[in-house]
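**Q** Chain by chain, the residues run as shown.
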Amino acid sequence: MKKLNLRLFRMIKHSKGQNIAILIVVITGLFTYTAMNSAITNLETSLLEFYDLTNFGDVYVQMMHFPESEVHNLENLDNVKEVDARIVFDAPMITDNRDEKVSVRIVTVDKYENQINKLFVEKGTRTIGDREVLIQKQFAEARKIDVGDTITVQINGVRYPLLVKGLVSSPEFTYVMEDEQALMPRPDKFGIIFLEKDFVGLVTGMKGIYNDLVLTLEDESKYKETEKLFENRFDKYGIIRLIEKEDQLSNSVMFEEINGVKQISGFIPIVFLFVAAAILSAMISRNVKNDRLVIGILKALGYSNGQVLRHYTMYAVSIGSVGGIVGIFTGTLMSGVMTRMYLEFFYIPLLKVKVDPMNIISAVILTTVFCTLAGLYGARRVLKISPAESMRPEVPKEGNRILLEKIPSIWRNVTFTWKIVFRNIFRDKKKFVFISLGAAFTVAMSLMTFWLSDLMGGMFTDHYGGFMKMDYSIQFSQPLSKDAIMDLEKIIKPDYIEGKMEMPFEVSNGRLKKAVNIIGLEQNTKFFDFKDYQGKTVDLPKTGALLSYNLAQALDVDVGDQVLINNYIPGRSNVYVEVKGIIKQILGINVYMDLSYMETLTGKGSFNGAYINTDRNIGEDLNSLKNIGGVQSIGEMQDAFLEYLDLTILAVVFMVIFSGLLGFVIIYSMTILSINERSMEFSSLRVLGFTKTEIFGIILKENTVMSALGFVYGLPMGKLLIDAMRTVYVSDLYTFDAPINIKNIFYAYIFTTICLTIAQLITYKKIRTLNFIEALKSRTS
Amino acid sequence: MSNILFKIDNLSKNYQMGEVTVEALKEVSFEIYDGEFVVILGPSGSGKSTLLNIMGGMDVPSSGKVYFKEQDITNYNEKKLTNFRRKDVGFIFQFYNLLGNLTARENIELAVEICEDTLDIDEVIRAVNLQDRSNHFPSQMSGGEQQRVAIARAASKNPEVMLCDEPTGALDFETGISILKVLKQVNQEFKRTVIVITHNTPVAQMADRVLKMRSGRIIESYTNDSPIDPERIEW
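These protein sequence lines are chains X and G, in that order. The first sequence: position 292 = 292 (my numbering), numbered continuously. The second sequence: position 100 = 100 (my numbering), numbered continuously.
Each hint should be verified, as a subset may be incorrect.
[As the list claims (entries may be wrong)] Derived contacts from chain X toward chain G, CB cut-off under 10 angstroms, selection only:
no., residue
1, Arg7
2, His14
3, Leu301
4, Gln307
5, Glu389
[Claimed, not checked] Pulled from the structure, derived: some chain G residues nowhere near chain X, Cβ distances all over 12 angstroms:
no., residue
6, Glu36
7, Asn53
8, Ala127
9, Lys184
Simulated from the structure, these hints should not be mistaken for laboratory data. Please read these numbers as outputs of a predicted model, since none were measured by experiment. Ideal Cβ placement from N, Cα and C applies to all residues, glycine included.
Could you put the whole structure together from the sequences, leaning on the hints where they help?
**A** Have a look at this one:
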C-alpha cells in the first residue's frame, strides 16, 4: 500500500466515532435512494410492460346507454383506433357468512379475447360462456376462490351461481378501489369479476346497450380534439364521464404513488448526502489545518499539490465509497421487500424484482460527486500552504471584539466562561451556522413526521364519523322513487335512514373542469357535518351547492361564484349553480346539494341510494333485496385504513430515526471537531485549574446557544417541509390539510432535545480522554 | 576545484509582518561545490533558515537568483520546484518532522515512493543504525532516533544535496554528535553534498567550508583545511 494511503487508513481508523457517524448518514442516504428508486423502477417498468402487453385503453367513457349500432360509427371517429363497449355495474356477492357484505364490479368481456385491456390469465382459461366467470386474482386469493369453484352474484335481485373458469388480472384494476372515497383496496370485500357480454345483456335486460366504453387512440396527444368530436356526436346517449388514461383511477393512483416516491427519493438522500458532505468537508478542513506541518513536510519531500490534495480528498471519497457500497447493497436488498410491500396494494402480474444497473450507477455517481466535492472543498487550503511557511508556528487568529462586547452594561455582567462561549460562537460563524442547522433540521423533520403521523391517524376518524356520520351507504342499481326508501326502512328497520341521489357530473368554471359525484341530500341531513376551514358549521343550502375545498381550488371558484354543471341526462339542460359554501373534506372531492334542488338536474323525485344508521348487521336483509348495487360499511373502511396505518407507522418510525440521526451526527461530529481543534485552548484552561467538567460545560453552553437558534428557525423550516409534502400529496383523492398544532411542536422539540443531549453526552468521553499535557507539548505531526 | 552545485547571486528576502517589513536576507551571494560539507553558522534570526528554504525550493526570494547546477531555480514554476525538491534535495529539520502515524520505515518509504534511482532502504537504515527500531512509530523513539530516521528519509531519496536546518538543535550533546557523525557518513560514503545550518559554533569544526551569517548577510566565509571528526567536537 502506498504510504500516503496507509496514513489515510490510519487517520480514518483514528477518528472511528466520527467516521462511523458520517458513514451512517451516507449509508442512510444511499439506502433510501436505492431502496425507493429500485422499488419504484420495478413498479413502473413492470406496470408499463403490463400495459403494453394488455393494450391498456387510452380513454374511458361512462355512458347512460350506448347502443351497439353506434359502436361501428365510433370506431370510424377520427383518431379512434379500437373500441370496446361494455356493461359495467356493481352487484352484491352472496357468501356463506350472512352478515358479510361483499360487492363485486361486474365488467363484461368478449367470449375469447378483448382487443383492449386484455385479461392476463394467471390460472385456468380465458374463454368463458354463460354462467361462467373470470375473477380478478387478488379478490380470488383474498376470498380463497379457485378455478372450478362456484360463486353467487345477485343481479337485479336474482342470484346467479357462476362457475369460475379462470383467475385473471387486468391493467384497468392494478389498484382496486370502489370509488374515489375508498382510498384503500379491500380485496376481501370488493373485487372485479368478468362475465360474458351476451349473458349479462340477457340477465340485465340491456342486450345491445352498453354503459361503458374503452377506446384506444391513434394519437394520444390529440385527445382533446377526439373528446370534442365524441361529445358532439354521442352526447345524446348521455355521457356521464369521459376519462383520459392519466385520470383513470387505478392508473392515476399508481402514478401518484410512483411520482410521490420519486420526489421523496430525490429529496431525502440529497439532504443526507449534503449533511455528510458538509461534515466531511468540515472534518477535512480541520485535518488540513491541523496537518499544516505535515503538508509542508510532504511538499518538502517533493509531493505535488495535486498529490497532497488527492490524499485529503481521498479521505472523503473512501468514507463515501464504503458508505455508498453498504447503502447501495442494503438498499437493493430492501427494494425487494419494498416491492413486495407494494404488491399488497398494487397488483401487477409481471412484477419483476430486479436490480437496475442505472439506479446503482446513479447512486454511485451521486455519492462520488458529493464526497469528492466535499473533499476538494475541505482540502482546498492545501494549495495555499507553502512548505517554508508551514515550518513556522502559525500566527494566532486575530481576535476581534464581538457585538455583545460593545454593550458594556451586558458584557460586564457576563461570567468568564460565558465570555469564552460567546466569543467562540461569534468567531467561528461557519460552525455556528452548521450546528444550528443540525438542530433546525431535526426540529423540522421531526415536526413533519409528528404532523404526518397525527394527520394519518386523524384522517379517517375525521372523515368517517366526523364528516360523514352514517354506518352504511347503500347504492341502488337504478334510480328509485321515494317508496323504495320507505320499503327499505320497513325491511331493515334502521335507527335512521335518508335517501340520497349521487350522480357523476362534469362541473366547470370557464376552461377548468372536473368530473365529480354530486350528492343530493335531505335538507336537514344528519349524515353530514359540513364545516368550513375555520371550523364553522355550514348548512346545506336550499338552492345552490356546497363544494369541497379541493374542488373549489381545482375550479378556482369562491363562495358566490357560479359553476356550470354539464348535464348528460338526455333531455335535460346544463345548469349554472351558485357556490354557497366551500367545505373541508379530507377524502375525495364532491358537490353537495339539497335533494329537491338537485331535481333541476336529475328530474323529479328519484333516489339512487340511501344512508343508514343502525347497530344491526344488515347484510342478510340487503341480500334478499332487488336493486341493491353495493353497500359500503364505514366501520369496515376504517378497519382497512387501520391496516394501512401500520405501514404508515413503520414509515414514521423510519423518518423519526432519520431525523434524529441527522441531528445526532451533526452535533456529535461538530463537537468532536471543536474539541480536537481547541485542544491547546482547553489544555491551557486545564493548566489554569479548570476541571474537565467545567471545560465540557463550555462546549455544552456553546452548543446549547447555537442549537437554540436552530430550534427557532427549525419551525418555519418544518412548515416549509410540510407545505412541500402537502403539494406533493394533494390530489383529488385526499388532502393533507391538517394544521400544525402545539402538540406536534412540543414533541418535535422534546425529540430534538433528546437526540442532541445524547450526542453531547457521548462527546464527554472525548474530553475525559483528551491528553491535555500531551496536546500542549505536541510537535509530532 | 569541484563543480559548482549552488550559485547564490544577490539573494534578498523581505517579509511583511503587519506594517513592518523584515529584511531576512540582504543581497547574499556565495557558491557551494559538489561534495562539500558546508556549515552555515549564525545566531537565531540571522536568516539561515530563510536561506536554506529558498535554496531548497521551499520559499521564493524577493530578489536575486539561485542557480542549481547552472539552472535558475528562482524561475521555476510550482511543478518544476516540486520536481526539484523531489529529486535533488533532501531536507532535515530541527524537530525531525516525521509523520506520526507512520513507522520509521514507512516514513522513509514515503519519501522513496515518489523518487527514481533511490538508495536501498535497508542499507540506509543500517547506515543510520536503526535496524532494530525501523518498525517503531515516532512516539516510541527518542529524539536522536527520530532525527536518524529523518536523515535516512532524506538520504534514501539519493538527492544531490542534503539541507539540514539545525539538525542537532533539539538534541543533547551526545545525541547531537551521533547525528553529526551520520551526516558526515552520508557526505563521505554516499558522496552527497551536505549543508548544515546551526547556531552552534563548534559544529563548524567538522565542515569543509564555513559561512558565517549575521542580520541577513554573509559576514565571513572560509575554508577549513583540516576538518575534524565529529566525535572530537566539544561544546
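**Q** Is the Cβ of Glu36 of chain G farther than 12 angstroms from every Cβ of chain X?
**A** Fine: 22 angstroms to the nearest Cβ keeps Glu36 of chain G off the interface.
**Q** Answer holds if the nearest beta-carbon of chain G is closer than 10 angstroms to that of Arg7 of chain X; otherwise answer violated.
**A** 6 angstroms, holds
**Q** When you look at the beta carbon of Lys184 of chain G, is every beta carbon of chain X farther off than 12 angstroms?
**A** 23 angstroms, holds
**Q** At 12 angstroms, judged by beta carbons, does Asn53 of chain G keep clear of chain X as stated?
**A** 4 angstroms, violated
**Q** Should the interface hint for Glu389 of chain X be scored as holding, given a Cβ-Cβ cut-off of 10 angstroms against chain G?
**A** With a closest approach of 8 angstroms, the Glu389 of chain X hint holds.
**Q** Please verify that hint: His14 of chain X, Cβ, nearest Cβ of chain G, below 10 angstroms or not.
**A** 7 angstroms, holds
**Q** Please check whether the beta-carbon of Ala127 of chain G is more than 12 angstroms away from every beta-carbon in chain X.
**A** 19 angstroms, holds
**Q** Please verify that hint: Gln307 of chain X, Cβ, nearest Cβ of chain G, below 10 angstroms or not.
**A** 8 angstroms, holds
**Q** Using the nearest Cβ pair, does Leu301 of chain X come within less than 10 angstroms of chain G?
**A** 5 angstroms, holds
In terms of the numbered hints stated before, the structure departs from hint 7 and from no other.
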